[in-house]
Amino acid sequence: MTAEPIAGGAGDAATAVLPRARVSRSRGLGHILEDERILAYLLLAPAAIILGVFIAYPFGRGVWLSLTNATVGNPGSYVGLKNFERAWNDTIFHQTTVNTFVYTGVTTVFKLAFGLWLAVLLNREFRAKRYARAFILLPFIIPTVLSTFAWKWMFDPTFSVINWCLWRLGVITQRINWLGGEHLALASVMVVNVWRGVPFYAISLLAGLQTINPELHEAAAIDGAAAWQRFWKITWPLLLPVTMVVVLFSVIQTFADFQLVYVLTGGGPANATHVFATYAYQIGVGAGLLGQGAAISLALFPVLLIVVILQLWYIRRTDTT
Amino acid sequence: MKTVRMDRREFVKVSVATAAVATTGIEGILAARRAPAWAQGTTINIVRWTDFVPASDKVLREELLPKAEKALKATIKLETINANDIQPRITAAIEGNSGPDIIMTQHNWQHLYERGVVDVGDVAEKIAKAQGGFYKQSRDVTTSGGKFIAVPWSVVGLMIAYRKSWFAEEGVTKFPTTWQEYHALGKKLKVKNRPIGQTMGHTFGDAPAFSYPYLWSWGGAEVDDKGKVVLNSKATVDSVKFMTSFWKDAHDEGGLAWDDSNNNRAFLSGTICATLNGASIYIESLRFPDKYKTEKGEQLKTDILHSPMPKGPKGQFAYHVPFSHMVMKYSKNVGVAKDLLLWLGTKENFDTWFVSQKGFSVGATTDWEKHPLWKDDPIMLPYKDAARLGRAPGFAGPPNAKAAEVQTKYIITDMYAKAIQGMAPEESVKWAEGELKKIHG
Chain A
1 MTAEPIAGGA
11 GDAATAVLPR
21 ARVSRSRGLG
31 HILEDERILA
41 YLLLAPAAII
51 LGVFIAYPFG
61 RGVWLSLTNA
71 TVGNPGSYVG
81 LKNFERAWND
91 TIFHQTTVNT
101 FVYTGVTTVF
111 KLAFGLWLAV
121 LLNREFRAKR
131 YARAFILLPF
141 IIPTVLSTFA
151 WKWMFDPTFS
161 VINWCLWRLG
171 VITQRINWLG
181 GEHLALASVM
191 VVNVWRGVPF
201 YAISLLAGLQ
211 TINPELHEAA
221 AIDGAAAWQR
231 FWKITWPLLL
241 PVTMVVVLFS
251 VIQTFADFQL
261 VYVLTGGGPA
271 NATHVFATYA
281 YQIGVGAGLL
291 GQGAAISLAL
301 FPVLLIVVIL
311 QLWYIRRTDT
321 T
Chain B
1 MKTVRMDRRE
11 FVKVSVATAA
21 VATTGIEGIL
31 AARRAPAWAQ
41 GTTINIVRWT
51 DFVPASDKVL
61 REELLPKAEK
71 ALKATIKLET
81 INANDIQPRI
91 TAAIEGNSGP
101 DIIMTQHNWQ
111 HLYERGVVDV
121 GDVAEKIAKA
131 QGGFYKQSRD
141 VTTSGGKFIA
151 VPWSVVGLMI
161 AYRKSWFAEE
171 GVTKFPTTWQ
181 EYHALGKKLK
191 VKNRPIGQTM
201 GHTFGDAPAF
211 SYPYLWSWGG
221 AEVDDKGKVV
231 LNSKATVDSV
241 KFMTSFWKDA
251 HDEGGLAWDD
261 SNNNRAFLSG
271 TICATLNGAS
281 IYIESLRFPD
291 KYKTEKGEQL
301 KTDILHSPMP
311 KGPKGQFAYH
321 VPFSHMVMKY
331 SKNVGVAKDL
341 LLWLGTKENF
351 DTWFVSQKGF
361 SVGATTDWEK
371 HPLWKDDPIM
381 LPYKDAARLG
391 RAPGFAGPPN
401 AKAAEVQTKY
411 IITDMYAKAI
421 QGMAPEESVK
431 WAEGELKKIH
441 G
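Line by line, the protein sequences are chains A and B. Residue 106 in our numbering is what sits at position 106 of the first sequence, and the numbering runs on without skipping anything. Residue 240 in our numbering is what sits at position 240 of the second sequence, and the numbering runs on without skipping anything.
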C-alpha cells in the first residue's frame, strides 16, 4: 500500500509531514509482517496463550501441588517426592492402580471390537441407514451423569430391572448384587463405560472405512478373496492409522474417567471400583489433602506419556511408510 | 446517582442504631429495628444439604429466610446440594477464595477446613448460654484449640427403624438388646425374604453412623486417649468376625452398594425388616400414608417403631450425626453471616425449623428435649435425648482433622466391607490399622 499525500488544503507544510509519518509506520509494520518467522509467531500467539493459561499453568500447578504438603486453605511447603512415596506405599493406591489398568484395558478391547463391528455394519447399504447411525450415537450424546444415573437404577441392589427380567425369565432365583460384589462392581462399571464409548469408536472408524476405495474390495473379490481375507488384507491395514488415533484418545479418556465411576459407586464398595480420578478426588477434594491428591492423579503421568509417545510414533511411522 | 439527604434527627437515629449494633450485635439490630449501615445491600449466600425432610427446606426458603432478610436488611440466598457433594464444594470455595458465606457441614468435617473459617465462638456461646448448653458431641466436633470453628446447628438422631408386625410374627415384641439376639432374629427374617438392611458403601451418613458405634460396642477404638492407633485389637477382630456372619445370615447383601437413600426406598417398599436410619423413613410414611402400605393393606406408618442399636460386649453406643455451619474466612460479610446464624439460632426462629423436622433432627442444645413436640408422637420419642448418647469419630482421641480424614476415607466402614467381601477378618483389621497409622503417624 502506498500513502497518498493529503490533497489540497492550505497547509502545504502539514501535507508534507503527515503522509511521510503514515508511510513510515505502515511500511514498518508491513516490513515486520513480511518476515514469515515473525508472522508465524504472531499467528501462533493466541493459541499459545490459550494453551499456556488453560493447560500448561494448571498442569504446572498440579505438579507443584504434588510436591508440597498443601491442604485446604494451606499452601503448604515443598516436600519433594514424599507424596509419591506415600502413594507408593498406600494399599488403596495399589488397588486403584490395578483397577484403572483393568478398567482401561478391558474396556478398550471391548470398545474397539464392538465399535469396529458396528462400523463395518453401518458401512453397508441398508434401509434407514441414517436413522441407525443417529441412533447409535445416542449413548455418546446423552450427558454422562444422566445416562449413568439410568444405569444406577438398572443396577439397583433392590429394584434392578435387569434382575427383574432375569428372574422373570427364570435365569436367576436370587438377586445379583451388580454394584456390591468386589469384582462384579468393577465389571458393571466397565459395562457402562463400554456402552458409552462404543459410539465414539463406531463413528470414527466408520469415517475411516468410508475413505477406503471400494474398488480395492471389488478387485480382491474378483481375485477370489473371501470377506474375511478382504477385511484382514485390505480394510484393517488401511484403517489402522485411524484406529490408532481413536484408541489413543479413548485410552487417555478412560484412564482419566471420573463421572461414571463417581456416580455409580463413588469408588466403593471397599474401594473395589476406585480409579485414579475418583481416588485423587476423594483424597484431594474430599479430604482436602491437595498435595496427596495431586500426587495420586499425576502418579501415572509418566506411564501415560510413554503410551502416548509410542502411539504417536507408530502413527507417524505408518504415515510415512 | 441519587443523593440521600439526612436531617439531624435521621442522623441521630442511624448513629444510635450503629452504636447499638457495634456493642450488642444481633440484639442491637433487633432493638434498633433497622439493619446496621454495613449490612444494608449485602447478600449472604448459604449452602446447606438437601434436607431429608423437604418441609424443612421449604420452611427455610419461604418463611425463615425472608424474615431474616427483613430483620438483617440483607439479601439471603439459600442453595441446597446433595450431602455427598458438600466437601468438594467447601474445598473448591476455600481454594478459590470465594463462594458461599456460610456452608453447612456434618460430622467433624470442619476440622479439615479450620484454616478457611472464622472463629464463631461469640455466636455459639450466646446460643449455648440461652438454651441449656450444647451436647458434648456437638461441642467436641465444632471446637478446636478452644475456638469454635463452626456453630452447632442440630443433631440427626440415628435409630433402627423396624417393622413391628414382622418382629411380632417371630415372637419378638421388644427390640433385641444384644447383637446376638438381633443376629438370631435377622436370620429368621431373612429366610422369609425380610432381611435387615444396612449400607456399607461409600456414603456420608448411615454407613459411619453404623460402623463406628458398632465397633465401640465391642470395645474397639481407632486410637487411645494419647492418639496412638489401637484399632488392631481382639475386640475389633471379634467385631469383624461377628459382622461377616451377621451380614451373610441376616442382611440384604445389596447393602454394600447402598447410599443413604437406598435403605429408605427398600424399607418403604417392604423389602427389609429393619435399618439404621434417621427418622426420615417414618416421616415419609406420615407424609404419604396412603402411598406406603403393609402387605396387609394397612398404612405403613402404623407398623414402624424405633430403637437404639443393640449392646455389644462393651456397651451400647451411638453416633448421631451432628450438623453445623461454618462462616468462611474469605467472606466479605462475616459480620452479617454471623448475625444470620445467631438470628436463626434464637429459640423463636429455630423453633419454626425444629417443628418442621418432626423430630428427625434434635437441637444441638439440650433445651430442645423439653419441646412439646415430643408429646405429639410416641414413635418419635426415642430420638428425644438421642444426642446425649452420641460419641464422635476419633474416639478415644479428639474428633480432630485426623479423625475426619479417617472418616472421609471410609476406613472403618471399609474394614467391615472388606471382610464381608471375603477378606479374612484379621487381614481387614490389619489393613485398616495400616491406613490409620499413615494418618495418625
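One should not assume that every hint holds.
Claimed, not checked - Below, in silico cross-link-like pairs of lysine-lysine (BS3-like), each with a Cα-Cα straight-line distance of 30 Å or less:
no., chain 1, residue 1, chain 2, residue 2
1, B, K329, B, K174
2, B, K437, A, K82
3, B, K314, B, K329
4, B, K136, B, K347
5, B, K375, B, K296
6, A, K152, B, K234
7, A, K152, B, K187
8, B, K190, B, K314
9, B, K228, A, K82
10, B, K58, A, K152
11, A, K152, B, K347
12, B, K136, B, K187
Think of the hints as simulated: they come from the structure by calculation, not from any bench. Note that the structure is predicted; figures quoted are calculated from it, not measured.
So, against the hints stated earlier in the document, which numbers end up violated here? 1, 3, 6, 11 and 12
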